[in-house]
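The task is to assemble the complex, starting from two chains supplied on their own in separate frames and drawing on the hints.
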Amino acid sequence: MNENGAHLLEADAISKYYGNIVALKDITTHVDGGEVTCILGDNGAGKSSFIKILSGAHQPDEGRLRVDGEEVVFQSPRDARAKGIATVYQDLAMVPLMSIWRNFFLGAEPRKGYGPFHWFDSATAKRIVRRELSEMGIDIRDPDQAVGTLSGGERQSVAIARAVYFGARVLILDEPTSALGVKQAGVVLKYILQARDRGVAVIFITHNPHHAYPVGDRFVILNRGQSLGTFEKSEIDRQELVRLMAGGRELAELEHELEAIQAEVS
Amino acid sequence: MAETAAPPAHPDERLVRVGPLARLLTRPDIGAFVGALGVYLAFGYFARGVDWLGDPGIAANWTDQAAQYGIVAVPVALLMIGGEFDLSAGVMIGSSGLLLGYLTTHADMNIWPAILLVLLFGLAIGFINGYTVVRTKLPSFIVTLATFFVLQGVNAAGTLKLTGQTAIQNIDSASGFDSARRFFASDVTTYGFKVKVIWWIGITIVGAWLLAKSRFGNWIYSAGGEPNSARNVGVPVARTKITLFMMTSGIAALMGIIEALELRSMQSKEGIGLEFIFIICAVVGGCLLTGGFGSVIGTFFGAAMLGMVQLGIVDAQWDSNWTYTFQGAILFAAVLLNTAIRARMRRAR
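Respectively, the protein sequence lines represent chains A and B.
Quick note, the first sequence lines up with residues 1 to 266 if you use the numbering used here.
Quick note, the second sequence lines up with residues 1 to 349 if you use the numbering used here.
For reference, chain B alone in the conformation it holds in the complex (with noise of 0.2 Å):
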């Protein structure tokens, strides 16, 4: 075939005209860490009534309830990478706290095995919501939604027949309470940081190790982003699969011993709701709703950001109820963000 034309002289010229800022706005975590840095800025004039920005107790209070957050929001975001939700994590947190508290308080277990019994609970639960999603080939969204009620009903009832009312009291009673509740749930500083937040920069730690630097890491990205070239070459996509939602359930689990540990006893109601909190956390940390694409170190920024919100909104005196508003309007910003992201990345096909 004859070539009339000639070629352009470098097929690339449109490519080099990117900068380094535009190069930096690909990455899925810069939007959450500028965002949570701006809420940050944002309640240091709100919340002027307060030291908000120099007062150590208040960044306790704000980090406590990051880390609630944080803890589970790493595997929720690793888990939706790899293509997939469970709506199960927020309840999980109260079957496992109840299940910690049923173990200790009526069938006289020490702290210690009862723990260790809730996160292969945890783990268990994850494997059903996993092996049901991979074999059935069902929407995640459906299969852990119904896992979600389920455990609802399973610890609202359980609960009231086993105690009357809705929650499991005296849990501090247990043996070995007092060891497990300082490696768990104690303050760490004089200015009262959880031992919660440790926790949740350690599990972000390796959940962002694990993506990056491990080859399991890769199998979620490629699980996510196009399951059938994965299989093509070889990679384990249901196993992968199966993985995360272990991983989901049993952080889940170890949330709700904290809890349980912290707080000494556990509301039947304890987690509903959290499962979409989770969830915001990643899509603001820059993960897709359709998978393969995210950030661990994002999800963190995500979860700090709705933690000060929480705790923010007390210290400006608004109305509490405003932090419903301004999560699902920091969730819509997110999305709108990672769109363009993703239109960003798959130009130029």
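The shape of chain A in the complex, shown without the other chains (with noise of 0.2 Å):
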């Protein structure tokens, strides 16, 4: 909360359809800088539709997002980039064949030069790179190694450490662990919590409450489109999370379940 006590981003009973599919009804949460807003649910649950509202991709038809308090519509992500809302995709993060420095600096190319002469100032693009990696904790061993060589995690950790140096005052994070193994997944992790040590508010996405309670600060839980509520760290334990992202009656059928079969197998 900034001095007038308006959050950084906040979403206000936001609504949307397609066609006559609810996609997502009344949902509202906020986030801070220097806090980790969950954003937590099934397939199907109106993750990634949320995720197209907040980063400017598609328009809200009910509901209203605030940016310092002020209500703002985006019609594109350029203008959700603009108030400073950088979205890290899974799939669209980086060009595999191109070496870290190049994708670091992809679109926001340094230069310098003489005159009509500019140049791609390279190595400064290295040294940042090498020193903005670090900063972040990420051991790169090369600045030219191709990105395609990298693991998943790492090249999820690369393109946020990109997002914060390019200034991003809010960081949407679109299932970065989900394609990675335990290991990997804890070092994106980790990163996480360092945009957020840098003051960074970050909105993550995932369908895993494992991966999402030791770095929240607040739980969003969505079903169906429906958000089944907003919880305070301090509100809610592991299992409780565990219970209310599988459906609570769902899964204790599925543990019935489950037991059944054991017993017969046993």
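Since the hints were derived computationally from the structure, they do not count as laboratory data.
Among the hints, erroneous ones may be present.
In silico BS3-like links for lysine-lysine, alpha-carbon gap of 30 Å or less [as the list claims (entries may be wrong)]:
#1 B:K213 with A:K126
#2 A:K126 with A:K183
#3 A:K233 with A:K25
#4 A:K233 with A:K183
#5 A:K83 with A:K52
#6 A:K83 with A:K25
#7 A:K52 with B:K137
#8 B:K213 with A:K112
#9 A:K190 with A:K52
None of the values given here were measured: they were computed from a predicted structure.
As structure tokens, this is what we get:
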């Protein structure tokens, strides 16, 4: 919250319909600098509709978005970026055949030159990449390495470092850990905390409560387009989060079934 | 979540084992350099009837041929790295040369403004190619194939209607011809090295610099490698591709000008078939058919290799029809090598 009591980014009763399908209904949440808000939900819960609205790719049918307490309407991702909202998509983060430093500055290359002649200042680019990545605690052997040779977790981490370096105030991460193994996911979670500690507001979309709980300050649980509630970390424990995520009753049924199967086997 | 198994001590152990040689092999231009050196030395043996390795006159011959391939191969390589093809690059040489011939012999223009008009014509055709590809999202292979056939017809029918022959002659009757020929198409030294070779080297240096050292170069890589990611971070992908098409047609027009000045006449079939040679040079130079990766320096060596094969087969007194077979074999070997390199780069995802 800033001095006026306004949140950095606030979604107020957001709804989205596709024809007669209700993709999102009355979703309200917020995030501030130095915090992580987790959006949790199973497939089809409305997570991707929600980030598309936050990142400016879609417009909500009802409800309002506010940045620093001021209402905003994003016509495109460019508008959102202008407000300091950066989105790191799982698949669209990097060009695999290009080196790390070329990727890092893609679309915002530092240049130097005289008169009409300018060139891509690769020495500066490499130096900044090395510095930024090491400040985030990312150990890159060689900025000349092709991004395709990095692991999925390293790639996500470089994308996060890039968004932070280019002044993102809000970082929206779309399922950054979903395609990763346990250890790689841990690496990405660590960088989420690094970004948070640098004062960035993080919105972390995931379907995995075990990834969300250790890093989140606030949890929004989506189910079939509805919010099951927004919980501060103090209000909820891990078991409850897992239970809500799986839709409570359904999980109880599943446990019952699994026990029955186990009884048959033994 | 409790971690049960101890994590490996160092996650990058696999990568440490990669030695400097393996690293060198991921460079796209090494294969072309080794190949060109190999062909040079091989003809030193097979063409031992002449002093292949030592005679500068022979080097002047094959560099002349290589320059004819290499000048246009540079923008073709950049275009391929940007993820597109231009099959009209060969026929553009003929169209431009014929246009220069028409402007000087039938419209009685001075050669210099005529040259300027021809270059603008090249840029315009490139813009049409690029704009069509970007707007329709059709494969550039199809779009530029159409341009190729349209221009081929125009070249043949236009020349016949104009002259009653299959060529435009007497371009050297134009005013200013000698000064233009000195600049574009003369001999540099007593051994008969063509000024064309200097153009080839110069365009290669500019192309390599653009790719490695300019912002535009970064955009070329990304436009071919992962256009959606590139757009996502604000790269003007469409503008980059249109510019590349314009560079390709513009430099093909330059090549047409060079040939018209050198030969003093222009055949209506000139340039047809060269489009594939340019692509072979680029592929030998390490450019992937799928875009996003390649080298201008490698393309230079690719052109050198094909130039040597063309002349070496004659000097070795073999049937010159074998040239095609060689070109095919070289292309196949290069594609296999490139695929292996890309697999190496994409490994460990």
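| message | Are any of the numbered hints broken by this structure? If so, which, sorted upward? | response | none
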